[in-house]
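Colleague: What follows is the residue order along each chain.
There are 2 protein chains.
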Amino acid sequence: MSGMSDRTPLSAGFPTPEPTRRLLIRGCDVLRVPAEGECEVLRARDIVVADGVIEAVSPTGSATETEADVIDGRGLLAVPGLVNAHTHSPMVLMRGAAEDVTVEGWFNDRVWPMESNLTPDDVHAGALLACAEMIRSGVTAFADHYFFPERIADAVAETGLRADIAPTYFSSRGQKALEETVAFAEARHGDADGRITVSLGPHAPYTVDDKDLRALSDHARRLGLRLHIHAAEHLEQTESSLQRRGITPIRVLHETGVLDAGALIAHGCGIVEQDLPLLAEHAATTAVACCPKVYLKHALSPLTPVRDLLDTGVGVAVGTDGAAGHNTLDVWEALRLVALTQKQAVRDATWMTVSDTLRLATRGGARALGLQDRIGALEPGMRADIVLTDLTGTHCRPLHDARAALVYSARASDVRTVVVDGRVLMRDGRLLTVDESALLVDVDARVARILDTSHGRAVQHYDP
Amino acid sequence: MSGMSDRTPLSAGFPTPEPTRRLLIRGCDVLRVPAEGECEVLRARDIVVADGVIEAVSPTGSATETEADVIDGRGLLAVPGLVNAHTHSPMVLMRGAAEDVTVEGWFNDRVWPMESNLTPDDVHAGALLACAEMIRSGVTAFADHYFFPERIADAVAETGLRADIAPTYFSSRGQKALEETVAFAEARHGDADGRITVSLGPHAPYTVDDKDLRALSDHARRLGLRLHIHAAEHLEQTESSLQRRGITPIRVLHETGVLDAGALIAHGCGIVEQDLPLLAEHAATTAVACCPKVYLKHALSPLTPVRDLLDTGVGVAVGTDGAAGHNTLDVWEALRLVALTQKQAVRDATWMTVSDTLRLATRGGARALGLQDRIGALEPGMRADIVLTDLTGTHCRPLHDARAALVYSARASDVRTVVVDGRVLMRDGRLLTVDESALLVDVDARVARILDTSHGRAVQHYDP
Chain A
1 MSGMSDRTPL SAGFPTPEPT RRLLIRGCDV LRVPAEGECE VLRARDIVVA
51 DGVIEAVSPT GSATETEADV IDGRGLLAVP GLVNAHTHSP MVLMRGAAED
101 VTVEGWFNDR VWPMESNLTP DDVHAGALLA CAEMIRSGVT AFADHYFFPE
151 RIADAVAETG LRADIAPTYF SSRGQKALEE TVAFAEARHG DADGRITVSL
201 GPHAPYTVDD KDLRALSDHA RRLGLRLHIH AAEHLEQTES SLQRRGITPI
251 RVLHETGVLD AGALIAHGCG IVEQDLPLLA EHAATTAVAC CPKVYLKHAL
301 SPLTPVRDLL DTGVGVAVGT DGAAGHNTLD VWEALRLVAL TQKQAVRDAT
351 WMTVSDTLRL ATRGGARALG LQDRIGALEP GMRADIVLTD LTGTHCRPLH
401 DARAALVYSA RASDVRTVVV DGRVLMRDGR LLTVDESALL VDVDARVARI
451 LDTSHGRAVQ HYDP
Chain B
1 MSGMSDRTPL SAGFPTPEPT RRLLIRGCDV LRVPAEGECE VLRARDIVVA
51 DGVIEAVSPT GSATETEADV IDGRGLLAVP GLVNAHTHSP MVLMRGAAED
101 VTVEGWFNDR VWPMESNLTP DDVHAGALLA CAEMIRSGVT AFADHYFFPE
151 RIADAVAETG LRADIAPTYF SSRGQKALEE TVAFAEARHG DADGRITVSL
201 GPHAPYTVDD KDLRALSDHA RRLGLRLHIH AAEHLEQTES SLQRRGITPI
251 RVLHETGVLD AGALIAHGCG IVEQDLPLLA EHAATTAVAC CPKVYLKHAL
301 SPLTPVRDLL DTGVGVAVGT DGAAGHNTLD VWEALRLVAL TQKQAVRDAT
351 WMTVSDTLRL ATRGGARALG LQDRIGALEP GMRADIVLTD LTGTHCRPLH
401 DARAALVYSA RASDVRTVVV DGRVLMRDGR LLTVDESALL VDVDARVARI
451 LDTSHGRAVQ HYDP
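Line order of the protein sequences matches chains A and B. According to this note's numbering, the first sequence is numbered sequentially starting from 1. According to this note's numbering, the second sequence is numbered sequentially starting from 1.
These are computed hints drawn from the structure, not numbers from a lab. It is possible that part of the hints are untrue.
Facing chain A, from chain B, some residues (calculated, C-beta under 10 Å) [what the hints assert, rightly or not]:
1. Leu93
2. Leu296
3. Ser301
4. Asn327
5. Lys343
6. Ala345
7. Ser355
8. His400
9. Arg403
10. Asp414
11. Asp435
12. Glu436
13. Ala438
14. Val447
Ideal Cβ placement from N, Cα and C applies to all residues, glycine included.
Using the sequences and the hints given, assemble the complete structure.
Modeller: Below you can see the structure in the form of structure tokens.
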């Protein structure tokens, strides 16, 4: 990766609207996602937002607002903002550039060589593009894991999204790099009115040694932060870990204090039975992000053992992973695939119901980011992360059950209006915080340089 | 099913545009889908259509047209119209009304009781809605299998789509019903300027006895038609057939002359090794439609053995099945799931490539409908079934590879303009042959009656 900074912030100069103090969404239906049991659709509600917080969700007409920004929600369904619980947002720059290859080829021949080309400004542009795509898709919060995290934080601050950002760390980077990730956490955790949180980001047990895992766990406990880490990504990694050192990747996390500090684990397709008691010990502070599109695309089997994890009390959330594998940052697509693949995985069509799937993508994601007290449901006291969806399209009609339509029929393009922390980021399909056309021109100009891997460099070699 | 006909054609009175004799799509990129090998994107082409046939695909500017309808294709990618190789179009009426249930519950408690409520007019309205959704999604041809086929044919004729329609037959319906399906074929095959073709439609080997299968095979051979049938839908059906009568469902098709007549087989997840030589004997006239979303949703495993089928020379195509299971008629979603699930099924991420997947959904579908000489590719001499897609959206950018974007990033909502048989059915997002808002009002008024299963009737009992 080039250390060169050609910093020319893209969204600078673009007018940033002031946060609205009071917001009224009038007459929408509201998806209620309870902590347990069936989701339900509340008809014809007004949602009142004050200073970024949901103040009331009440039958329409009961709210009297004279100074609020009013959004006409009639005919729309308000759902809690979706949470993308694991991604590498700037990898949208490599979307579609690594198809039909093995996992090893994906890392060693394509992605890790391309990533060695990335400048801080590339990362900023990529993160902005990712934020634009996620806002358009109704994703209001994401857990990121990448290089140049300060430039991702800038993009999040500028676009108005919510993110938990983990600075990616490999032991091959050395001690100074480790300290820099901790310094980033100290500097930016809680930034942008609390929309930005930071987790520490050891890449994986196969790229970070035990000493560094312990050091980062200690830092996390000291700072009151969580860790976000890839582990047991597939069964072969678990088998390789058992062969090399006699313990599973999850036991590595247990022994190095990662689980004790609180961890968001990406993938976990290789979590095996002996791992479940270890995870259960720390269930309340552990979550696993399931990103099925990339597992299928990389021909992996088995998938994340979601039923076993939920049975132990561990949190489960929905992620896309980076767009170099997933191609989109579309959490509708991801949650649909969680429902479909998990039904098949346990051979039970009555499981991973529509309500449970919607819960994973909202409350489950909130918990995975450590934000379960702030987001994940449209209830008084929660931060106002609200997505207005239009289910009147031909592909959703007749609308027997809006919940089923959200899981099995709706598309990201059905999202009309997006509010994060009480601020409107997209209104009736128009992005308000990103200059999309200028951004796309800027991104296109970066592509040829990023794709050039003739230099033979790579950020790391994959050999788990 | 009620025999009552409350025929009030919905699209009657709605102005039907005259087919354009000459059409010029200027300056678009064109996806070339060869019979073998990599697809490629031809830059900046003019497509000239005369009397429904593609006359030329040439570098832009070379076509001089003075009297043609001209579509500005600049910035758009023309792809061959997608083919939905297996559906039950009127089941859009039951979209989302049968979630999180077993296969048995789906048939016996939900779908077959609801279907007993359907009137011919319901079927017409449902087929119109399905056609509207498919046009919007860039699906230009579909293989249907349902009751009241004449009303589906009417909807196809009215909306301008292309369809192969199989009238569903159960032996429980009796000899007169069998003769009626043959009479329908004789009356409507080749209708609507050849856009409507008919296949005979025995439902499945477990609902149609061998005598009727033989009779329908004989009729098919006599009339030069194909058969469209569900068979070996999942492994349990194959096992049940072996247990009950000692032979697999595919051998039943072989012994009753169905394969000899030429068959489109829906699903085939239960096709086993001993079936492959039987299929190979008739490979040139046999195709299997793979509809993975419903297999996952119904928790089936294994899936259609696509690699084995292609190795025997059998055609493979992409379908959605009915929307009571698939929820949409979106072939983009279906083809993506074919790529993802087939990579996983054979544990080979380098297989079912982007090019192969696009070929299955276009040329593969054309062959499944017996239309390989008419549709499936944008080449001179082929009927003009053309879809203009817009890959400039944030979720497709940067556009490293348009082919990968089509398979892994694009959405049905990226379809802008749809041409079937040289006639423009949707222009820049506006449907030209369906009065969508009137149709949706009509459909909504039918819902309560269709969902009422308190009568205890069903069209059939599921016990394969």
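Colleague: Name the hints, by number, that the structure is in violation of.
Modeller: 11 and 13
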